[in-house]
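Protein chains: 2
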Amino acid sequence: MRFTIKKDPFLKTLTIAGRAAPVKSAVPALSNIKFDLNEKGLELTGCNGEMTIDSVVPYMIGEEEIIRSASMGKILVSAHYITEAIRRMEGTEIHFEVVDSSLAKIDDGRTSIKLVCANAEEYPDIDLEESGQTFEMSTPDLLDLVEQSAFAASSKETKPVLSAVNLEACGDGTLVATATDAARMARKSVSINADVRFKCNVPARILGDIAHLIEGTGSVRVSVDDKKALFRAGMTVVSTRLIPGDYPVTKSIIPTNFNYFLEANSQELINAMGRLSIFITEKDGAVKLSMNESEVEVYAKNEASGSANEKIQTFSFVGESLSVSFNPAYIVDAIKALRSEDVTLCFVNEMKPFVIKNPKDPSAVELITPMRTY
Amino acid sequence: MRFTIKKDPFLKTLTIAGRAAPVKSAVPALSNIKFDLNEKGLELTGCNGEMTIDSVVPYMIGEEEIIRSASMGKILVSAHYITEAIRRMEGTEIHFEVVDSSLAKIDDGRTSIKLVCANAEEYPDIDLEESGQTFEMSTPDLLDLVEQSAFAASSKETKPVLSAVNLEACGDGTLVATATDAARMARKSVSINADVRFKCNVPARILGDIAHLIEGTGSVRVSVDDKKALFRAGMTVVSTRLIPGDYPVTKSIIPTNFNYFLEANSQELINAMGRLSIFITEKDGAVKLSMNESEVEVYAKNEASGSANEKIQTFSFVGESLSVSFNPAYIVDAIKALRSEDVTLCFVNEMKPFVIKNPKDPSAVELITPMRTY
Chain A
1 MRFTIKKDPF LKTLTIAGRA APVKSAVPAL SNIKFDLNEK GLELTGCNGE
51 MTIDSVVPYM IGEEEIIRSA SMGKILVSAH YITEAIRRME GTEIHFEVVD
101 SSLAKIDDGR TSIKLVCANA EEYPDIDLEE SGQTFEMSTP DLLDLVEQSA
151 FAASSKETKP VLSAVNLEAC GDGTLVATAT DAARMARKSV SINADVRFKC
201 NVPARILGDI AHLIEGTGSV RVSVDDKKAL FRAGMTVVST RLIPGDYPVT
251 KSIIPTNFNY FLEANSQELI NAMGRLSIFI TEKDGAVKLS MNESEVEVYA
301 KNEASGSANE KIQTFSFVGE SLSVSFNPAY IVDAIKALRS EDVTLCFVNE
351 MKPFVIKNPK DPSAVELITP MRTY
Chain B
1 MRFTIKKDPF LKTLTIAGRA APVKSAVPAL SNIKFDLNEK GLELTGCNGE
51 MTIDSVVPYM IGEEEIIRSA SMGKILVSAH YITEAIRRME GTEIHFEVVD
101 SSLAKIDDGR TSIKLVCANA EEYPDIDLEE SGQTFEMSTP DLLDLVEQSA
151 FAASSKETKP VLSAVNLEAC GDGTLVATAT DAARMARKSV SINADVRFKC
201 NVPARILGDI AHLIEGTGSV RVSVDDKKAL FRAGMTVVST RLIPGDYPVT
251 KSIIPTNFNY FLEANSQELI NAMGRLSIFI TEKDGAVKLS MNESEVEVYA
301 KNEASGSANE KIQTFSFVGE SLSVSFNPAY IVDAIKALRS EDVTLCFVNE
351 MKPFVIKNPK DPSAVELITP MRTY
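For the record, the sequence lines run as chains A and B.
Going by the working numbering, 55 is the number at position 55 of the first sequence; the sequence numbering is gapless.
Going by the working numbering, 138 is the number at position 138 of the second sequence; the sequence numbering is gapless.
No lab work stands behind these hints, which were simulated from the structure alone.
Careful: at least some of the hints might be erroneous.
The list cannot tell twin chains apart, which means a pair is met if one copy fits it or any two copies do.
Said to hold, decoys possible - When the alpha-carbon atoms are kept at most 30 Å apart in a straight line, the in silico BS3-like pairs for lysine-lysine are as follows:
hint, residue 1, residue 2
1, 283, 352
2, 156, 24
3, 12, 251
4, 7, 336
5, 288, 311
6, 7, 301
7, 336, 360
8, 336, 114
9, 105, 352
10, 105, 156
Just so you know, these numbers come straight off a predicted model, no measurement behind them.
Start from the sequences, fold in the hints, and give me the full structure.
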């Protein structure tokens, strides 16, 4: 196995595949990137047991020759060493050659590096075939879906299904993403122009990685079966395991009849929460929002250190007087996810979950459960 | 105690004094900043037991009124809470008022904050009086002195005196800084136009903080006695404890007769060390530098992962063939400290400490002990 390759696309693709390669693993082969020089180009694969990333450096990009002097073959190369070596090399072209099955020589004309390698047979078999429901959607729509839902998933593993984003297509041409950590919920729907039907639970962390990896492409081909979801965009395909188990039924928990409505400026609310959160500790404390038609005030207190309050300047409120207490980080996450200048908060009463939405875009809904304060 | 103050200079000075206030301390009062509104202005003091920072917000800066409606007094305010609160407040002017001895009210017209405070009597007495040897020097000279020596001090506390920078003035108008962690040494001297005589060991970490704090001022007044060193620049004075004990005698360990001289480009050496250091672990490994008049090569190897070598392109070497092994991080630190385009490495033999210097500036000398390799 041997090839001469342009440094920049090589490093870029190494970095992509390397995102899945764990620094340490119970399966030593997984600390490597699998190099497979085949008819498509240089195919690089990284895998951590949960997620697999496979990305190809093609022989040509437009008119530019990227790989030359190629002799096909496969080998495993340490993800850490190869990425660090290529990153630091100064040449614009790099020659890679497997000397014997356990040693690769890498040379850019200035630096000569020898890396201990492993046999490609040691790498686990990875299924990257499309199966089950398959459809194509716009990449920006998928990014919206992830950014407006995944933050609300649980970061704890105590109830695994809550660490996932639930994706559901009901055959009506929409794809709905739902995430909840039991104290809050985020839901976003987008059109997909495909009559597929499926439900699956994708680990939220991995879905975030996927969004990052496919950013900048125009469209993404999604394929979902019982075990895995595949996302193919450009020269890269990412596979993730699914989390088994039924996702909580969340549709019925979004209230539909509200008694109080607050419309306010997003940035003003975020800044106010930032100031008040000085007095909130991870274990303790809530911000209290007190509203009536003439005044809206937020307040936070910490017995040991002090308190803060301020009046919201720009608002419109409809309803009787109401006070609601909540975790300010939840409000900030929800408002940021809505990405609108103003937000509407809709309340049933001081104890029922309340809804935050963008008044101009009903496709995303954020739900927050108030906290009891005594 | 009460005052109205412009936010920006208040926050800047809070941040300066707060650098010395520990997040947690066995002495609870030290987690506070001491506020003392006196005839100089608002004097803010932070102290962690080793270092004290005292900085004043004056009533006027030029024609601009900074503090108004002042009623003098003293109080202790949590460094964390007051700094975070002021940082996040949006008003340009802030009103601060002690309501009773345990509560301060802070208001910028938008946000109203109450902070639990402590009595100023609880703060330890701090001696910021000049005593012993006192002189004035240029701030850029002091920064050079610190940057070109302090990095070589030990980061371990096993031999406390090695975690210090030794400052010595011999009455000849020069101030010499020496730091060594036993495997390397850095020495820098500057002129001070003062015939003071003293020796002291200043903790290297604190000396770095001091350099950062006085950056941007023109001159600094230094005062050294048996217990402490004081650095006064602008509206800020920093006091540091000294480390007792005799500093190792280092003058005699710098060789004066050399047999080999390598002159090379600083950036090329740094880049080459960066590439080779991929194969160096914290516990193991050295870069081997092999030199003769026609070729200079660097090489590093790690049994488990691989090896790298490269030829240095720009060099001039005088002497017979020589190979020397060393920790590449030491070479990089030394070259960076010299801040010159080219550096000269002077060797006695492969085992004796070697010297790195800027060929155009003899005021800084860096010494590195080679490593044995088998």
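Hints, one by one, checked against the model:
For the homomeric pair residue 283 and residue 352, the shortest alpha-carbon distance inside one copy (22 Å) is at most 30 Å, but the shortest distance between copies (58 Å) is not. With identical chains, the CA atoms of residue 156 and residue 24 are at most 30 Å apart both within one copy (21 Å) and between copies (28 Å). For a Cα distance limit of 30 Å, the shortest separation of residue 12 from residue 251 qualifies neither inside one copy, at 42 Å, nor across copies, at 50 Å. Proximity of residue 7 to residue 336 under the C-alpha cut-off of 30 Å is restricted to the inter-copy arrangement: shortest distance 28 Å between copies versus 38 Å within a copy.
Proximity of residue 288 to residue 311 under the C-alpha cut-off of 30 Å is restricted to the intra-copy arrangement: shortest distance 12 Å within a copy versus 67 Å between copies. In this assembly of identical chains, the alpha carbons of residue 7 and residue 301 lie at most 30 Å apart only when taken from different copies (23 Å versus 56 Å within one copy). When the C-alpha separation of residue 336 and residue 360 is checked against a cutoff of 30 Å, the pair qualifies only within one copy, where the shortest distance is 15 Å, while the shortest distance between copies is 55 Å. For a Cα distance limit of 30 Å, the shortest separation of residue 336 from residue 114 across copies, 28 Å, qualifies, whereas the shortest one inside one copy, 48 Å, does not.
With identical chains, the CA atoms of residue 105 and residue 352 are never at most 30 Å apart, being 65 Å at best within one copy and 34 Å at best between copies. When the C-alpha separation of residue 105 and residue 156 is checked against a cutoff of 30 Å, the pair qualifies neither within a copy, at 43 Å, nor between copies, at 39 Å.
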